[in-house]
Amino acid sequence: MSIIQQAGLDFQNVVLLMLSILGCMMVDQFRGKGLYRYFRSRSWILQWLIIYLIVFAVIIFGIYGPSYDQTGFLYSNF
Amino acid sequence: MTIKQCIHTILFLVLFVVLLRFATYVLRDKSGAEYIYNFRDEPKNSIDVILLGSSHMYRTIQPMELWNDYGIASYNLGSSEQSLPLSYYLLKEAIRKQKPSYVVLDVYMLIMPLKDYTHERVHQVVDNMEWSVNKIDAITDIISSDEWIYYFLNIGQYHSRWTEVTKKDFQRIKSVTKGSDFTQGHTKLKEPVWRKDEKVEIPKMPLSYLYKIVRLCKENNIELIFTLMPYAVDTHKEHTGIFNSFEEIVVENEWDYFNLISLSKEIGLDWSKDFAETQHVNPNGSRKVTKYLGKLLRNCYQITDHRGEKEYQSWNLNFDAYFDYRRKILV
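So the sequences go chain by chain: L and Y.
Sequence positions in the first sequence follow the working numbering and run 120 to 197.
Sequence positions in the second sequence follow the working numbering and run 1224 to 1554.
If you are wondering where the hints come from, they were derived from the structure by calculation, not from laboratory data.
Don't take every hint at face value.
Within a straight-line C-alpha distance of at most 20 Å, the following computed SDA-like cross-link-like pairs (lysine to any residue) qualify [claimed, not checked]:
1. Y/K1227 to L/R159
2. Y/K1391 to L/I179
3. Y/K1390 to L/Q131
4. Y/K1253 to L/M137
5. Y/K1227 to L/L141
6. Y/K1227 to L/L165
7. Y/K1419 to Y/K1514
8. Y/K1514 to Y/R1549
9. Y/K1338 to L/P185
10. Y/K1441 to Y/Y1524
11. Y/K1227 to L/R161
12. Y/K1253 to Y/D1392
13. Y/K1320 to Y/E1353
14. Y/K1253 to Y/R1263
15. Y/K1227 to L/S160
16. Y/K1411 to Y/N1507
17. Y/K1227 to L/Q166
18. Y/K1435 to Y/I1359
19. Y/K1390 to Y/A1246
20. Y/K1320 to Y/I1445
Next comes chain Y alone, as it looks inside the complex:
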C-alpha cells in the first residue's frame, strides 16, 4: 500500500464514521431525549444540585422554578422508569463535567428488581450520554452481551424509522426546562393510607446500586439526599412495605431522607386536586412540591444563591423561555 492509498483509506473511514453518526442522529427516536441530552450544554462546574430518579422526579421537580425562587442551580436528570443502575451511571456521567454539592435521589425505583427494564428506557438514558468509558461501562453492565451491538451502534435499533423521519429529526434536541416536564390532567385521589407496621424486603439489585451511589457521593464529597415523591403509594400493595424497610436502613446509616408522601400536609398538597393520575402530580402539585423542596434545600443545607451572578445570567433568560413554555402548555 502506498502512502496515498493509506491516506485515502483513512479518509474513507473517517468520512464513513461522520456519515454514520449523522444518520444515527437523524434516525434516532428522540422522544424523551430532551430531558438528558441537553445536560451536556451546561458550562463546566455550574450545577450545584443533581436530581435523579424516575418520572416521579422529572415530572415533579422543576429546576427553573428552584432557580427563580431560590437561585438554586440544579439539573433534573430523571427519566422514565429510571432504574437505580441507570441513576448510578448518570451520576457518574454528571460528575465528569460538574462538581455538584448535592444529589437528590428519588427512591421509588427501589421497587424494580430488573436491571434492563426496559430496553426503551435504557436507550432513553444511554443514547443521550456522551461517549466515554462510563457509557461503555453502563452498556456492558446493564445490557446482556447479545444486545450490546444495538447500544454501541444504535442505528441498528432505529433504522426502520426512516419512513417516519420529519424535519424535527434533523434539528438539534433542545429544551428550556433543565430536564423536567409536566403531567397535565386531573384525577381525584384520596390521601394514601400508610401502614407503618408492614415490611417487605427491598429487591437486592436496586439496593446494591443505591449503596454504590452512596459510595460515589462520599468519594466526591457530595451530600446525598433521598426523597420519595408524592404518588398514590397504596395502589400497589407491597410499595409501602418496601419503603418502610428503606426507612429502617436510613435510620441505621443516618442518611437524609424525606418521605414527601408523609409530608404532604406540610407541603400543602391537596390529593383531590393536585394529581394528574395516580403516579404523577399535575402542574399545580408540581409547583407546591418544587417550592417545598427548594425551601428544604435552602433552610437545611447551605446552597449558594446564584441569582445576580454574572456567570448565571443565562439562567434568567432561560427562565423567561421556561415561563413561556409553561404558559403555552398550561392553556
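Isolated chain L, as found in the complex:
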C-alpha cells in the first residue's frame, strides 16, 4: 500500500482503479456477444441511468483540469 501511496494514489483512488479495471474486463468479456443489443432491450430509464453513470464517471473521475496541473489548489485563510 505504501508504494501505491508514494505514487500519489490515496485509498479512494485505488478502489476506483480496481473497479475501473473490473468494469473494463467485464465489457471486454461481453463485447461482440450482444452487449449493445442487451443494453438497448432494457427499459429507457435503465439506459439513461447507465449513460449518466458513464458520463459523470468521466467528468468527475477523469484526470484533467487545473487541479491536476498545479501542485495543490488550496485556499489560505485570507
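Since chain L is already given, all that's left is putting chain Y on it; use the hints.
Just chain Y now, with coordinates in the frame of chain L:
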C-alpha cells in the same frame, strides 16, 4: 426524429443539466463561499449600504453590528484579495436586485496590478454569483480565454475533490454575518509612520476599474465612499506612496475618502492590542472600526434607521444568531 424521440432527447438533456449542477455544487470548494453566496437571499431592495474590498474590508466591518448599533442595513461583499475588477462586477451583480444608496469601497487593492490574481480568488467571487450576463462579462473580462471553460463549467476545476467530499458539501451554504468574518489572534504593532511626501504611481489597471465603479455609482445615484482600513501600511515600502497619489486624485475629484489609518487615534485603535497580524484587526479592533464607520455613516450621511420596521424583523433574529456565532468563536 419522431415527436416522442424529440421529447426524450430534451428530457435527457434537461436532466443532465440538473445532475451536472448538483454534482458541481457538491464538488465545489466552499471555503470562503459563505461571504458572497448568501447575498442572493436578501429580499429585493432591502440593502442600503454595500461594502466592497479585500479581506481588509470583510474582516473589519461587521454589518450585523452596524445593524444593532445604528439600524443600518448593509452587506459586506468583500472577499479575499478582491481585485478592483472583481469589486466592479460584484457591484453590478448587487444592483441587479438591490438599490443601495451607498457603496463603501476599500481602496487597498489599488496596489494590485494583475486582473486574475489569483484563480482561487476569482473563483471565490465568480462561483458565488448567479448566472447572468454580468457573470459572463466578468469571466470573459478577467480570465484569459483558455481558462474560461473552468469558470463556465467549474466542475472541471473541482472534480478531483470527490475524495474529500463530506456531509457539509451537500448542505446549503449558510452564514449569519452578512458577509463578514473575524481574524483572531494578537500581534503587537506600532502605529505606522506615514510619509506624506512620497508618491508612487498607482497601477493603471486597478485605477481604471475604480473609475468604472465611480461611473457606475453615478449612473445609479449611489453615493460612493472610499476607505482605507487599518493595517500596518509601512510593512510595504510603496504602499503609502500609492495612497498618497490616490489622495491627490480624491482631492481633484472631490470624492469622499476616509483614511482610517490616519484616523486611528479618533477611532481609538490601540496598535499594540487591536491587531491579529500586520494585515487585519482582531475582533476588538473590528468592533472599534465598525463602530466608527457606523457613526460616520450616521452623522455625515442620511442613512435610514430601519430598526423597528416590520420588513426588517428578520435582522433582529439574525443579530441573535450572529451574537451567538461571535461568542462561540471568541472563546
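Which numbered hints fail = The structure conflicts with hints 4, 5, 7, although it agrees with all the remaining ones.
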